[in-house]
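In the numbering used here, the protein residues as written are 58 to 178.
These are calculated hints, taken from the structure and not from any lab test.
Treat each hint with caution, since some may be false.
To be verified - Just the calculated beta-carbon pair ranges, DEER-fashion: (1) Thr144 with Pro176: 17 to 25 Å; (2) Glu177 with Gln156: 44 to 52 Å; (3) Thr112 with Pro78: 31 to 39 Å; (4) Leu123 with Pro78: 15 to 23 Å; (5) Glu79 with Glu177: 32 to 40 Å; (6) Glu177 with Asn122: 38 to 46 Å; (7) Glu110 with Ile62: 13 to 21 Å.
Claimed, not checked - Straight-line distance between alpha carbons at most 25 Å, and here's what the computed SDA-like set of lysine to any residue pairs gives: (8) Lys140 with Ile121; (9) Lys120 with Glu157; (10) Lys161 with Asn111; (11) Lys161 with Gln82; (12) Lys120 with Phe105; (13) Lys140 with Asn111; (14) Lys140 with Ile171; (15) Lys120 with Arg61; (16) Lys140 with Thr81; (17) Lys120 with Pro176; (18) Lys161 with Glu110; (19) Lys140 with Leu123; (20) Lys120 with Ser141; (21) Lys140 with Arg175; (22) Lys120 with Glu177; (23) Lys161 with His84; (24) Lys161 with Glu113.
For glycine and all other residues, C-beta sits at the position ideal for the given N, C-alpha and C.
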Amino acid sequence: MIARISHIGPGRVHVVLPGRPEVTQQHGYFHAGATSAIVDSAGGYAAFTLFPENTEVLTGEYKINLLAPAVGDHIEAVGTVLKSGRTLTVCQLEVFGVQEGRRKPVANGQQTLIPVNRPEQ
């Protein structure tokens, strides 16, 4: 299974990525690239839930701190909007390693996003 959205609410989105060899590094931990990719998506979709119609989302910047090796059956990324503005939206980013239902923080960060007009077709 690939990453999937497990929760969508106004200003908050969870993305789950199951463990498998393609997303781990040489020691068996989830790769930082996979961790960063799903949390960027979680924050982007969280911001998008509050954007006006006919807009799309672009990440302007994000910063991730890796707190611990990402281990578990899966990792769960949570994006939460801290402030939704007309031009800039700021999200809190969190990633948890989940093993047998127990969540352990493995990364956190912050993200800035911008709405862009959807191209006309």
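Hints not upheld, ascending by number: 9, 10, 16, 17, 18, 22, 24
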